[in-house]
Each structure stands twice: as C-alpha cells, then as structure tokens.
Amino acid sequence: MQTSTISVKLWQDMLAGGYRNLKQNMSVIDDLNVFPVPDGDTGKNMTMTIEGGVFATQGDFDGIGALMTKFSRNSLLSARGNSGVILSQFIRGLAFGSESVNEFTPETFTTAYECGVKYAYNAVAKPTEGTMLTVLREGGEFLTKQNFENFKDCFDALIEELHRSLRNTPELLPVLKEASVVDSGGAGIICIFEGMQAVLNGESIDDIDIPVDSSFVDTSNFNEDSTLEYGYCTEFILQLLNCKTDIAAFRLEEMTAKLEQLGDSVVTVQDGSIVKIHVHSFSPEEVIRYVRRYGELVNVKIENMSVQHSEIEAAAAKHEKFAVIATATGDGIMEFFKGIGVSEVINGGRTNNPSADDFIQAFNKVNADYIIVLPNDSNVVLTAEQAAKLYDKSDVRVIKTRSIAEGFSALSMMDLSVDTIDELISDMTQCLPYVASGYVTTATRDALFSGVNIKKDDWIGLEGDTIYAATNNPIDAAMLLFERLPNIDEKQVITAFYGKGVTEDEVNKLEKLFSEKYPLIELGFIKGDQDVYRYIFAIE
Amino acid sequence: MSFTIIADSTSDLNKELRDRYKIDYVTMNYVLDGVEYPASLDWESHSPKEFYDLMRQGKRITTTQVPRELFYDKFSANLKDGKDVIYIACSSALSGSYNLATVVAKELADEYPNNTVFCVDSLISSLGQGSLAIKASELRSEGKTAAETADFLISNRLKFNQFGTADTLEYLRRAGRVKASKAFFGNLFGVKPIIISDVNGQNYAYKKTKGSLNAKIAIAEDIAAAVENPQDQILYISHGDDITSAEQLKEIILERVAFKGVHIDHIGPIVGSCVGPGTIIGFCCGKEVTIKGE
Chain A
1200 MQTSTISVKL WQDMLAGGYR NLKQNMSVID DLNVFPVPDG DTGKNMTMTI EGGVFATQGD
1260 FDGIGALMTK FSRNSLLSAR GNSGVILSQF IRGLAFGSES VNEFTPETFT TAYECGVKYA
1320 YNAVAKPTEG TMLTVLREGG EFLTKQNFEN FKDCFDALIE ELHRSLRNTP ELLPVLKEAS
1380 VVDSGGAGII CIFEGMQAVL NGESIDDIDI PVDSSFVDTS NFNEDSTLEY GYCTEFILQL
1440 LNCKTDIAAF RLEEMTAKLE QLGDSVVTVQ DGSIVKIHVH SFSPEEVIRY VRRYGELVNV
1500 KIENMSVQHS EIEAAAAKHE KFAVIATATG DGIMEFFKGI GVSEVINGGR TNNPSADDFI
1560 QAFNKVNADY IIVLPNDSNV VLTAEQAAKL YDKSDVRVIK TRSIAEGFSA LSMMDLSVDT
1620 IDELISDMTQ CLPYVASGYV TTATRDALFS GVNIKKDDWI GLEGDTIYAA TNNPIDAAML
1680 LFERLPNIDE KQVITAFYGK GVTEDEVNKL EKLFSEKYPL IELGFIKGDQ DVYRYIFAIE
Chain B
-17 MSFTIIADST SDLNKELRDR YKIDYVTMNY VLDGVEYPAS LDWESHSPKE FYDLMRQGKR
43 ITTTQVPREL FYDKFSANLK DGKDVIYIAC SSALSGSYNL ATVVAKELAD EYPNNTVFCV
103 DSLISSLGQG SLAIKASELR SEGKTAAETA DFLISNRLKF NQFGTADTLE YLRRAGRVKA
163 SKAFFGNLFG VKPIIISDVN GQNYAYKKTK GSLNAKIAIA EDIAAAVENP QDQILYISHG
223 DDITSAEQLK EIILERVAFK GVHIDHIGPI VGSCVGPGTI IGFCCGKEVT IKGE
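Protein chains in written order, with our numbering: chain A, 1200 to 1739; chain B, -17 to 276.
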C-alpha cells in the first residue's frame, strides 16, 4: 500500500493499534527492568497513559489536529510513572505540532514528531541520554534528514532507526550495560510505532483483554433503606463546541464559579477546547445540564460517594493551612506515615506508579491552602510535578524525595505549626542531603555489578542504585551493606522499615549485631509490611 | 552579709558553689514508691546513679513543691535577725514554689516591717536558676542592696538562656512540664528536641534535630548565637547521669565559644524526674529570650 497521506480515521486506528501492541507486550517491557531492583512497570505505565488517549477518542473527528488535542489531554490525565509522563508530553507535542493538520503527510508528520521530541525533553529537568528520550530524539533527527514520499517507507525506516537507537542505549547509560538490557521506555516506544505500522500495512491487532487497572467498588454501604448522604462524585471531559459557545471567549473561571454553586471539591482543567471537570454534587444532572450549554460530554463518570469510603473522608476534611501527601507501599509504612502527620497516603512506588489523576484526587481530599507532596520514588517525581501544575485550588509544592527513606527523613523533621510554607519546606529538606537510602532485597538474576558477584536469589544490600553486598541471608546483607557504606561513621540514626515476613527474632538478631558493631549509631525498627524489600533503611 | 540569698532544689547548686557564693536553699521533695524524700542537692537519699537508674527501670518519680513551713521558718529566721531575703525561685511555670513564697512573704511583711523578702521568679531552672543566684551573690559582694539586686535580677532574668536536649520528651510530657509544637507528636525515633526556657519560663521544644550529635551541635550553635561576653562567663552544663554526653557537649561548645571556665554537674532530682536520664542542658548569659511557646 503506497499511502502518501494519513487520514484522521486511519491515524485513529493506528493509535489504537499502537496501544494494543504495547498492551500485548506490556509484561515484556515490564521485565526489561533496570537491574537488579524490580523497577518494573514501564510497560504498564505507558499502556495506561496511551489508553487514556485511546479510550477518550472513540468516534469521529474532524481532522488529526482535533483528534490529537483530545488524545493528548487524556493521555496527560492518565499519565503515570516517569515513562508515562514523558510519553504523554511527547503526545502533547505531537498534538501541538499537528494542531492545524487535517491529514498527515510525511512532512507534517515529521514536524509534529519533532515538536513531540521537544515537549518530551522539556518534561524532564535533567534529561538522561540512553533512555526513551534518546530513542525518540534520534528517530526525529533521522526523519528530518529524509524525504519520504509515502508512509510505508517512512514508518519502515523510522522503526529501523528506533531499533538502532534502542540497541545503542546501553552504550549511553552504564546501568543498562551492566545489567545487559536495553532501555524499557525506548522499547515501549517501538511497540507503539510497530503497532501503528501494522495498522498502516493493513494488519489488525487484537485487543487482548487484560485488565490494566481495576478498582474495587464496595456497594455494601448503599441499599434500599439508604438515603443519599454525600452526593455524587461527578467527573467528565467536556468538549467545548463552536456551535454552542464562542470558544475563544470561554472563561473557565466562570464555569468554575458556577460549579462551586452546584457542588464542591471542584477541579477544572482546560486544554484548548477540552475541559476536564471534577465536582461533588447532589444533583449531577444540574451540573451536566449547565455544562452542556458550552459543549458536549466526551465521557462521564458519576459515582455515589456513599459507596466510596475514601471520598466520604474527603467530605469531612477540615480546612488546614498545610497538608502533606505522600506515596508509599506497605500497609505498615502507609499507617506509620499517617501517624506522623501525612494527610493522604497514595499507594504506590517503584512497582506501581500512581498517575497524575491519583494525585489530583488526593489534592481534592485534603482541604488545605498549601499541599506538600512527597513522591518518595524517583519514578514518581515527574508525575507529582505534573499533577501540581495541573492543580490550581491549592499551592502545591513537590519536595523531590526519591525514596521512602528520604520521605521519612522529611516527615521526621516536619513541623506543621510554622507560619510559612517556606519555613516548612526548609525544615523538611534540611536533612535530605545527608540521608542514604539502604535496601535489602533479593537479586532477580545473575550479574556482576560494581565488582560484586551476584547470583539470582541472593540477598543483596544496596544504597540508592549501588549494590554493596550479595550473600545468602538478609541479616548478613544488611550488615555488609553498613560495613561497606563509605561514610557510615558520620551517621547517627538508622531507621529500619522491615518488610512482610520478617520475624521478631530476625529483627532482634540484626539489632544485636548492629549495636555491638556500631554502639554510637541509634537503630530503630518500624514495621513496614512492604513487599519486595526485606528492609528499607533511612540512614542519617 | 547584707542580705540572705535563698535558692531551692531546682537550682542544682552543689555544696561547693553554695559555700563559695554563700547561698542557702529550701528543699522540695520527690516521691518514690509512696515515700517522700527531701530533694537534697547533695544527693543524701539516692546517689545520682541510683536515682537515674530507677528512672531507667521505669520507676515513676513525682515531685512536690517547697513546703509552706520551710518558707516560713527560713524567711522568719532571717527577718528576725534583721536581714532582707532574696528567694530565687524555680520558674513559676514549672513549680508552685514561687507563688507560695510570695504569699508567705506577704504574711511576714506585717510582722517584720523593717525587712523584706524579695521573691524572684527566675523563669528558668537547673543551673540557669543557679547562675541567677550566683549573679545575686556577686552583686551582693559589690555592695548592692537586696532591693537593687532583686530589681536587677527581674530586669535581666531573660538574659539567662537554656538550650537542652532530652532523649525523649516522654518524661517532660508526663510531668506536664513541656510545651511542644505539633512537630513532636509521635516521639519519633532519632529525632532530638532542642528545649529552651521561653519568655514565660516554660520548657519549650522549639526545634528538632536528627541524632544526638546533631542535637549537641545545635545547642552549641544556639549558645554561640545567644552568648555575650563569654570570656567573663562560666559555661554551665547539667546532665541526667550522662557525663560522657555532657563532656562531649562541652567540647563542641568550646570549639565555638571561649568561656572563662566550665562547670558540669548533675541535674538534681526535681528537674531530673521531669526530664529523664540522658538529658543534657547548656546555660549561658547573653541575648534576651524572645521565644514564646505556642
């Protein structure tokens, strides 16, 4: 097939193909973890991000520009994880670069693609080469040098170039090389483009039915004798329509003000002619009647809040000056964080990155002038920052904590009675430069890492990304880690969060060994109940 | 001696200092297993080690204020001799002794119109209160009257600064003798409060540090910032049976500030029962305290 243009319909199908192909390969990409810590949900994150776009763009579109605008908005809202955020920004750039495009030609596609690369790079404060950014960028640089007449050649050559770039990622990023893997995000990008290529070539891709995300709804609170106590959590995306309103003159503030009269917990986000609305209301029909003066609904979610426990708490949240939101995994850690002053703990971390929307829902639940976010994972920082940007009802500040240990350190120094947000942040960040994040976990494969010879299933002790010890039991791994940490003598306090399955005997044994060897360092234990990590140490 | 200076059990002045500066004191009492012991500054009932070990074992020790008769007897004996008295009391935010003393002093005023008992609320305790008593003694040696001395103490008492840290806020909290900001709910492992005596003489955990070494550094830095004319001052350090920690604090402070001398002693049983073992406190004279706990 010699296609010299891509119509909106074909492009729509291609995007769906890209999504389906990515979803089929989700677990393969998840497995391309950066060794040795299971870092594993790049595939899932990217799939969920693009899924948001695909699901929101069913039906007919008047040109690629219109399709992409909506697609981009919804990918953005569904984005989770670093890879998801970067992907959503790439899509946003694609949308911006194709705003006035009705059908793609290889030339307009190249322009849009380049714009996508620019947006993707802008999403990251310190772009790291050897990641999906590199793969995307090199694909773009290749496209601009060529002059394709049809899309088959264009996609064939582009995908070949993406593969070449991906193969080269271990040369740019040593951590990949040591683990002998290629970058997982880059691999995800290729899955998307290959899915698109297949559709372009007339092949069809099955939509496999794997639940990417499932949420549990408990209806036991609402039965034939119930009354509507909390109203409905009403969320939808509104497409502003020229036939109904003057979009250029549309003012979001006016809509927000009116929605405030119809309900509370109002969040509105506008991107071009798309408005995402979240409101708690006793009469969602009024809300919908009102907003339809301006356009039509793209999707709607209306949930009775009596069946959503978490939303019930939100209705009762009392207004505070400061609130802190943190991500964490492990029931123990989550409980502990709540106990020391975190208003909302979002379940997530290394293996389950929360989305920007998860953060926005948490922002809504707390009722505060200032919200501090502790992402507690390097892969969640970007999502948190993105959510902070999208939210305008509170002043949201992200303290870039990259681990549970850093998050704990920030919380332990927190004093919510201070007068200003700057003081609060200064208190919480004062110890961060001195916190080391230690872990004990098992190796997922054999490897030689920084001179440490590791067998699959060994207990390994690491600080940050550096492995210091590999041995056959967790206590020795912890002690070797402490012994080999370069500046252990400068440390004063170690807080250990112990994971699922750790016995009291084991804790006592570690405590005894430790206090004999390091009498001047205080070691305390907190039941973390986390998976994956036998121990997480905040070493300060 | 023109007038008599009386401190109390919380001043932590040992016999040597009391003799040198001619300072008398009235005793409060502590109660252990239902038995009341006078809180002697010479540790007559329990040695410091015995006392703090009992606390380490989890024994609850409570305290009582100076008994009325004791004030009455001490004050009237001096007045009978034709002497004025200055009573330098434990902070009124921590003990009822000051208030009781003012009542007793007023009762005695009619009986002894020619002499006066001046009660001075030190707004501090331990060696902070002790150094206020020493200051009174120095003024007395310079020939100041009791009235002049009392005036001076009242106008300058907030210049006596306290910076301490406790292993835990639990003892202070149990004794109802600390105000801590919301920052200290939990009693977080490894987090050390820095406790000052605020403008009302209340112990106030005004900031926190991570680890005991950092706490000592914070105390030293706070002292360096607050002290004036350290070359003329003795650095006073008191501790809850942890001499190693106290010596370490001394070194860290002396690296930053050159004092004329250093005096280290135990925190007496009254303050000790409220702060617990492992507490260390540094005192200096300088800028006026302005912080007021919430």
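Simulated from the structure, these hints should not be mistaken for lab results. Please note: incorrect hints may appear among the correct ones.
[As the list claims (entries may be wrong)] Taking lysine-lysine pairs in the DSSO-like style, the calculated list, with each CA pair at most 30 Å apart, reads:
id, chain 1, residue 1, chain 2, residue 2
1, B, LYS242, A, LYS1726
2, A, LYS1716, B, LYS274
3, A, LYS1655, A, LYS1588
4, A, LYS1690, A, LYS1716
5, A, LYS1520, B, LYS189
6, B, LYS189, B, LYS41
7, A, LYS1699, A, LYS1537
8, A, LYS1208, A, LYS1351
9, A, LYS1711, B, LYS126
10, B, LYS232, A, LYS1708
11, A, LYS1726, B, LYS189
12, A, LYS1690, B, LYS141
Tested hints:
A threshold of 30 Å between alpha carbons decides the hint, and for LYS242 (chain B) with LYS1726 (chain A) the separation of about 49 Å lies outside it, so the pair is violated. Using a Cα cut-off of 30 Å, the hinted pair LYS1716 (chain A) and LYS274 (chain B) is violated, with the two alpha carbons roughly 42 Å apart. This hinted pair does not check out: LYS1655 (chain A) and LYS1588 (chain A) have alpha carbons roughly 42 Å apart, beyond 30 Å. In summary, the hint linking LYS1690 (chain A) to LYS1716 (chain A) is supported, as the alpha carbons are separated by about 13 Å, within the 30 Å threshold.
Restraint check for LYS1520 (chain A) and LYS189 (chain B): satisfied, since their Cα atoms lie roughly 20 Å apart, inside the 30 Å limit. For the given pair, LYS189 (chain B) sits about 29 Å from LYS41 (chain B) by alpha-carbon distance, which is consistent with the 30 Å threshold. Our distance criterion of 30 Å between C-alpha atoms is met by LYS1699 (chain A) and LYS1537 (chain A), whose separation comes to about 19 Å. For the given pair, LYS1208 (chain A) sits about 17 Å from LYS1351 (chain A) by alpha-carbon distance, which is consistent with the 30 Å threshold.
For the hint pairing LYS1711 (chain A) with LYS126 (chain B), the CA-to-CA distance comes to about 60 Å; that exceeds 30 Å, so the pair is violated. Using a Cα cut-off of 30 Å, the hinted pair LYS232 (chain B) and LYS1708 (chain A) is violated, with the two alpha carbons roughly 35 Å apart. As the CA atoms of LYS1726 (chain A) and LYS189 (chain B) are separated by approximately 27 Å, the hinted pair is consistent with the 30 Å bound. At most 30 Å may separate the alpha-carbon atoms for a hinted pair to count; LYS1690 (chain A) and LYS141 (chain B) exceed this at roughly 35 Å.
Checked against the numbered hints listed earlier, the structure breaks hints 1, 2, 3, 9, 10, 12; every other hint is satisfied.
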